[in-house]
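Let's have the full structure, built from the sequences with the hints guiding it.
2 protein chains.
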Amino acid sequence: MATRSTIMDTNSFRAEGAALPEATADLVRRRGAVLGPSYRLFYRNPVHLVAGHGAHLTDADGVDYLDVYNNVASVGHAHPRVVAAIAEQAATLNTHTRYLHDAIVGYSEDLLSTLPDDVDRVMYLCTGSEANDLAVRVAQAHTGGTGVVVSAEAYHGNTALTSGLSPALGTAQPLGADVRLVPAPDGYRLSPPSGLPGWVDSEPDVGTWFADHVARAIADLERHGVRFAALLVDSIFSSDGVFPTGFLAPAVEVVHRAGGVLIADEVQPGFARTGSTFWGFERHGVVPDLVTMGKPMGNGIPVSGLAARSEVLADFGESIPYFNTFGGNPVSIAAAQAVLDVMRDEDLQANALRVGTRMREELRALVRDHPRIGDVRGAGLYVGVDVVTDRESRTPDVAGALDLVEALRERRVLTSVCGPGNVLKLRPPLVFDDADLDRLLTELDDALRGLGEG
Amino acid sequence: MATRSTIMDTNSFRAEGAALPEATADLVRRRGAVLGPSYRLFYRNPVHLVAGHGAHLTDADGVDYLDVYNNVASVGHAHPRVVAAIAEQAATLNTHTRYLHDAIVGYSEDLLSTLPDDVDRVMYLCTGSEANDLAVRVAQAHTGGTGVVVSAEAYHGNTALTSGLSPALGTAQPLGADVRLVPAPDGYRLSPPSGLPGWVDSEPDVGTWFADHVARAIADLERHGVRFAALLVDSIFSSDGVFPTGFLAPAVEVVHRAGGVLIADEVQPGFARTGSTFWGFERHGVVPDLVTMGKPMGNGIPVSGLAARSEVLADFGESIPYFNTFGGNPVSIAAAQAVLDVMRDEDLQANALRVGTRMREELRALVRDHPRIGDVRGAGLYVGVDVVTDRESRTPDVAGALDLVEALRERRVLTSVCGPGNVLKLRPPLVFDDADLDRLLTELDDALRGLGEG
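Protein chains in written order, with the numbering used here: chain A, -19 to 434; chain B, -19 to 434.
Derived by calculation from the structure, the hints in this document are not laboratory data. These numbers were taken from a predicted model, which means no experiment stands behind them. Each residue gets a CB set at the ideal place from its N, CA and C atoms; glycine is no exception. You may find that some hints are simply not true.
Here are some chain A residues pointing at chain B (derived, C-beta under 8 Å) [as the list claims (entries may be wrong)]:
1. V27
2. K275
3. T369
Residues of chain B placed beyond 10 Å of chain A at every Cβ, according to the derived structure [claimed, not checked]:
4. R196
5. R237
6. E372
7. S373
So, in structure tokens, the structure goes:
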């Protein structure tokens, strides 16, 4: 299997023509006959799901899968409190924000109480892409600039604007003319060899290194007559390959000195995922000017948000009309409120911290002597396992990582990859418990034996 | 009240500082303290809704309102079959399209069966804005051009790209550099005076006139070295002021001869709204290359779609990865399937045709001698009432239309305006029945007396 040109093409199959059970093959064929050619499936042997509960999914044959991938169903698949909130609100009223409704006000007060004091206003949309699209427009209106800096393998959305801010989409998708890339803060490859996966959690120099690259990107924009507007980053650098160390503060200083703003893309790290803090940017000790959020916000009901410092939002809000028909509708807000309530009542942030920490510790012990695993890193329940050809060169092994993902799928464990395609991405629902982790470790141990032979 | 610079600012209030009941004033104040400044409310005296059923909404004091505005809740507010479908699926499974799922395949087959044979593939997204954003990118990838032609008061979405295709947002929002406008096909003002509202339904010359303007816009793009990609139009020209006559065929010929494609924005006219056909473009006897749909698709659950001819979709689909996390999720699809089922089982297209036709007939009789109503027009349950300073000059009367909207709100009838702000927009849920219409006519008659004195 050759290295793919884009992470979006990795673990991505049409499955038409594959040797599949007849019922699966028929569904794949019918699917291919009606859906656009952009649609892809996970795994050479795709999974046909019919039900979910907690961190578990069930396929059409009644087989149970362990979900170590889905961060949307963050409080667990089909959580009864979220389901009840959705059902009750849908049976009562579902309109839009041009009428007064209590729930959006109460939820906004609740949501903003989790954010820094200065981040004091929120807008609702339906997808993370919409949130990032709007955040960039708001940043541009506020700064008067257009230049945006993103990381080298970033993914920030699928709209025309955000696709141009998403190098992860591959070279067929042009970047925006006013976009500059900075290398991913890959502390693993920046550091001297230690031989032990996991050392990167304490590496101190990444912050200065990253800030320097941001400064150079801003200088390059200015050299081209492009005024700088924003640094747009996911604070756990999910798409780049999961780089969790708290190193953003020096870069944010550079951004502010240059007159730009920080947009924290919390679509991945937000809502307790990273364990030690509720929002990913908090781990870096920075206060963003704009915060975008999505995926887990409604546990699967489409809802996203843009929170902001009011003075940053003002220029856009006063001059350009903005209305999102479905954004902040009562059903989406009911789902979002239930998610926030469940996260608190079930103490899922603490669970993410505890189980995530145990996951990294046990994984590091498990792969200690496995020459194809170069690093285990992450924060809370966002963990990356860096697959390499060997520990000396640290060359990313995309084929090896994909083989591992497929081997896990055959063992009924759902994962995928990120980064250049060589990083096994472990990102389960936050209800993932010790028994789930034991099962993951057992199956991964088994799958790794196959990789060793590869 | 002065004419506003943009339709999006019309019937659009913050209501802070307005003389309101204490509980309402408190909610408005709390809302203003947490939501971004872009948020606006309908009516100087905003409506605080708590429940809905059919074409009726209930406020916090238990007062019943007649809903003559909301096209999202197209099969009626809180329709029990849609609610049940959402609740059942949410309690079972809600994931994404990288796993196989039966429902999206079955729904896609069902949806495509309502479209022309050539329109044979579909993609799912969450909002109409996302659908139009993607449609334009697909059209650009297929044609190799970038130029897009839209109508003079069009609204096609709130992303960076679609905002630049939405002159209705006002002059503070720049149009895209490769965007050209054609005048709205305002058959009312193009025709010689007849003295009788409603004549425009039989006007034959608008088609040639509109095609000529499209040809000139394409020529202007080419003169500037911009290759033409698409004509993007809502076939009932909702935002322009509701222009229903079937006149698009000559323009579509011009588009195809110039190597461009037709994107039919069916977010407003689609899903049986226009009565005589299920899709708005069918009334024009044209086959689009791309069809975008949204609002009523899931009766309020965020779901939208892009249907396309496969050969038009191929260039984008083969080169650019596209994945929409929430797009086509099982809950959204369950809602969409229930909407399609209810529309058929309750024969809502026939209801839209019958009640909409009666609405226009009775309205024309009602306003026959009212000098401030210049025209009554529409298709099915999308009706525009053109408010003018006088029937001779036909000058749009924005203040008069807004007074009418406010007078109707005080009479517990919810409407709004479109076009340059002078067209009363009547666009109720498709379950709107004869008793609802009688109530609208009674209240409108009363409200018009106030307008006469204005």
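Non-conforming hints, listed in increasing numerical order: Hint check: 3 fails alone, others pass.
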